[in-house]
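**Student:** Build out the structure end to end from the sequences listed, making use of the hints.
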Amino acid sequence: WTVKEQCVNLLAKKLWEELLDDEQPDITVMDWFEDSRLDQCVYELHVWLLAADRRTVIAQHHVAPRTNGRGPPGHWVQVSHVFRQYGPGVRYVHFQHKAKNRMEAGGLRRTRVTDSSVSVQLRE
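Here the sequence shown stands for residues 1 to 124, where the numbers follow UniProt numbering.
In short, the hints are calculated from the structure, not lab data.
Misleading hints may appear alongside valid ones.
Below are the SDA-like pairs computed for lysine to any residue, each with C-alpha atoms no more than 20 Å apart in a straight line [as the list claims (entries may be wrong)]: (1) K98 with H81; (2) K13 with K100; (3) K98 with S36; (4) K4 with V118; (5) K100 with R110; (6) K100 with W1; (7) K13 with C41; (8) K13 with V79; (9) K98 with R37; (10) K14 with Q121; (11) K100 with E5; (12) K98 with K13; (13) K98 with Q121; (14) K4 with P25; (15) K98 with Q6; (16) K98 with V113; (17) K98 with S80; (18) K100 with V77; (19) K13 with S119; (20) K13 with S36; (21) K4 with H81; (22) K98 with W48; (23) K100 with T28; (24) K4 with Q60; (25) K4 with H62; (26) K4 with C41.
Restraint ranges, calculated between C-beta atoms of paired labels, are given here [claimed, not checked]: (27) L122 with I58: 15 to 21 Å; (28) V3 with V77: 17 to 23 Å; (29) P73 with D21: 27 to 33 Å.
From the three backbone atoms N, C-alpha and C, an ideal C-beta is built for every residue, glycine too.
**Tutor:** Spelled out as structure tokens, the structure:
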């Protein structure tokens, strides 16, 4: 497995504590992975909404979608999740994805991942 992760500081992205605590805007995570057909499960997404200490978990989402092996090889699959009404105290979004790889006679076969994003939707 190849693991990539990032921890996004929401305050450093120009959001403020009162907005995050009182309004609790939706936080969306999105990713795309290639159905490499290396296995039924070639991708995992793990997301944690963290408090200021970067250890206290306020909300979390984990998914490991199974592919059915149908469709053309290299088919891209979108994975997303929206956090709503998660409670006060969120200051960080820790985003981690894992993609399966396998060494074969012809070399390393990879599951590709692209266009990872974290977005915050402000309400009017």
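**Student:** Which constraints among the numbered hints does this structure fail? Numbers only, ascending.
**Tutor:** 2, 7, 8, 12, 13, 14, 20, 23, 29
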